[in-house]
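Following the working numbering, the numbering of the sequence shown begins with 59 at its first residue and continues without gaps.
Worth flagging that the hints you see were computed from the coordinates, not collected in a lab.
Here a beta-carbon is modelled for each residue, glycine too, at the ideal position from N, C-alpha and C.
Hints should not be assumed to be uniformly reliable.
Stated by the list, open to error - Per label pair, the in silico range of CB-to-CB distance:
id, residue 1, residue 2, range
1, R140, L104, 33 to 41 Å
2, P85, A64, 17 to 25 Å
3, L114, L66, 17 to 25 Å
4, N167, L119, 21 to 29 Å
5, L66, L113, 30 to 38 Å
6, R71, G91, 28 to 36 Å
7, G175, S84, 13 to 21 Å
8, K100, M144, 27 to 35 Å
9, K88, V143, 20 to 28 Å
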Amino acid sequence: PMKIKALLVESFRSGTIASVAIVPLSPIFKSAGLRIGHYGPKFAGLYVSDPQPWLLFVQHLVIGWVSALPLLLVFLANQAGRWPVMTGAAYGAAYYVAINSLALPIYFNDPLPWQLGASTVLPSLIGHVIFGAVIGRTSRHFVTRTNPQRVVTRGRSI
Numbered sequence: 059p060m061k062i063k064a065l066l067v068e069s070f071r072s073g074t075i076a077s078v079a080i081v082p083l084s085p086i087f088k089s090a091g092l093r094i095g096h097y098g099p100k101f102a103g104l105y106v107s108d109p110q111p112w113l114l115f116v117q118h119l120v121i122g123w124v125s126a127l128p129l130l131l132v133f134l135a136n137q138a139g140r141w142p143v144m145t146g147a148a149y150g151a152a153y154y155v156a157i158n159s160l161a162l163p164i165y166f167n168d169p170l171p172w173q174l175g176a177s178t179v180l181p182s183l184i185g186h187v188i189f190g191a192v193i194g195r196t197s198r199h200f201v202t203r204t205n206p207q208r209v210v211t212r213g214r215s216i
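All chains, full assembly: derive it from the sequences and hints.
Quick look at the structure:
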């Protein structure tokens, strides 16, 4: 049986690595005049009147930890562990569609990113795809240790 503590520790570990890995995208995309990180300050504004950069970073990490958890469960529950990077990338894309392109814009009464064009969609979509792919890569040891009947070697399960 899987230990919940091990799952939470891995969610913290791989969620932190993936969250930090995508931070450099923000200044790169912003310098190109593209929109990225639009909902971080809006979401933080729900519980703090003037969110400071350090708080936005902490929020980014916490959301990364929570967001890593369902993906780790997917890896442990089925054959998705055979292709962890691709499965993670697909998870990141699906997460973007469900949360960042639908739930958040609807909640904040904003236009959907798809209505605003590729310069709004692509930066966040790319970031979420990379986030999921990084979790897929960084969690491989955890998945094989926790689920020994699914040994992953170079993207193949044996």
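Numbers of the earlier hints that this structure fails to satisfy, in rising order: 2, 5
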